[in-house]
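Asks: Sequence:
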Amino acid sequence: MDPGEALLAGLLVMVLAVALLSNALVLLCCAYSAELRTRASGVLLVNLSLGHLLLAALDMPFTLLGVMRGRTPSAPGACQAIGFLDTFLASNAALSVAALSADQWLAVGFPLRYAGRLRPRYAGLLLGCAWGQSLAFSGAALGCSWLGYSSAFASCTLRLPPEPERQRFAAFTATLHAVGFVLPLAVLCLTSLQVHRVARSHCQRMDTVTMKALVLLADLHPSVRQRCLIQQKRRRHRATRKIGIAIATFLICFAPYVVTRLAELVPFVTVNAHWGILSKCLTYSKAAADPFTYFLLRRPFRQVLASMVHRLLKRTPRPASTHNSSLDVAGMVHQLLKRTPHPASTHNSSLDTENDSCLQQTH
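Going by the numbering used here, 352 is the number at position 319 of the sequence shown; the sequence numbering is gapless.
It should be emphasised that the hints constitute simulated quantities derived from the structure, not laboratory data. It cannot be assumed that every hint is accurate.
[As the list claims (entries may be wrong)] Cβ pair distances, simulated, as ranges:
1) 197 with 281: 33 to 43 Å
2) 331 with 37: 30 to 40 Å
3) 203 with 273: 33 to 43 Å
4) 203 with 65: 40 to 50 Å
5) 343 with 177: 48 to 58 Å
6) 197 with 168: 23 to 33 Å
7) 177 with 346: 15 to 25 Å
8) 108 with 39: 23 to 33 Å
Glycine is no exception: its CB is placed at the ideal position from the N, C-alpha and C atoms.
Construct all of the structure, not just a fragment, from the sequences and the given hints.
Replies: In structure tokens, the structure reads:
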């Protein structure tokens, strides 16, 4: 094994460890919290994390074996089964991300309708469509004997068939990546733009409330006033940053592998083994990145994790400080301005709470 392969093997081991740990934490949080399980988004979260966990436990170790030893699993039919699982889980993960982004857009754009109408069974229907498409593509590849060990990617996956079947294989590969990459990317971009538009409108509304509050509450300490203005700037960029991370992660993880598989169809193109393995590792890194992009860095999951840790250590969570509980400045502002808070979904409620907590620190 040359130094390049050793470096790729180390990268794959790191991705494997992070994917196993992070996705197991997400599943534990969903199993611990009934609130997370009863949401429509919770069904999508469990499906995505379970798929990533299966990919890390059943697929990545054989790719690591291929990088280190350069050979296929010895058991008969094992490579075809692993290739079937690899094709199914990769397509299902991309479609699940598209379903999650659509769910977020519905929650942010139509909060009242979302809470009353979008039940977990509708999320189950979305997942049924994603599973059906993924099973159709992986089953067709298995039926046409296009699954096997590919030395260019050191893994059991789709491999180039003999020349008479190249045109059929090219059409199949193009359709697979159109449904499993281009379509989810388009859904992700369109829904993210809508979420960003709603978030900007929400931030503008909160900025207006904050500025009027700063004018009315003239006795605020200058440091509190400055902190509120800083929080305003952070809030404006938070939605853009989260959306940009989601789209960039999707592109960085999937685009190199998709482009490589499409370039492989050109007769005079030969895929370099190191690049092929690196592009495959990037697709695996989506399983390690998604738990942080969609789950573990968000407030509901952090609260569930903290509750699990306190329960494990047999401690009671520290009660929130009530030093400024009597100073509900946000309520005063809404009364002074003769307006009521706008209904918001759980996806953007953190914008309000952060602004309110900043205004409440007057002493």
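Asks: Each hint needs a verdict: does it hold in this structure or not?
Replies: Quick rundown of the hints versus the structure:
A C-beta distance of roughly 40 Å is found between residue 197 and residue 281, which places it inside the suggested range of 33 to 43 Å. Residue 331 and residue 37 have their C-beta atoms about 37 Å apart, which keeps the hinted 30 to 40 Å range intact. As the Cβ distance of residue 203 to residue 273 is approximately 38 Å, the hint placing it in 33 to 43 Å holds. A hinted range of 40 to 50 Å holds for the C-beta pair residue 203 and residue 65, which are about 47 Å apart.
Look at residue 343 against residue 177: about 53 Å separates their beta carbons, and that is inside 48 to 58 Å. Roughly 27 Å separates the CB atoms of residue 197 and residue 168, a value that falls within the hinted 23 to 33 Å. Between residue 177 and residue 346 the beta carbons are some 54 Å apart, a value that contradicts the proposed interval 15 to 25 Å. Between residue 108 and residue 39 the C-beta distance comes to about 26 Å, which sits within the given range of 23 to 33 Å.
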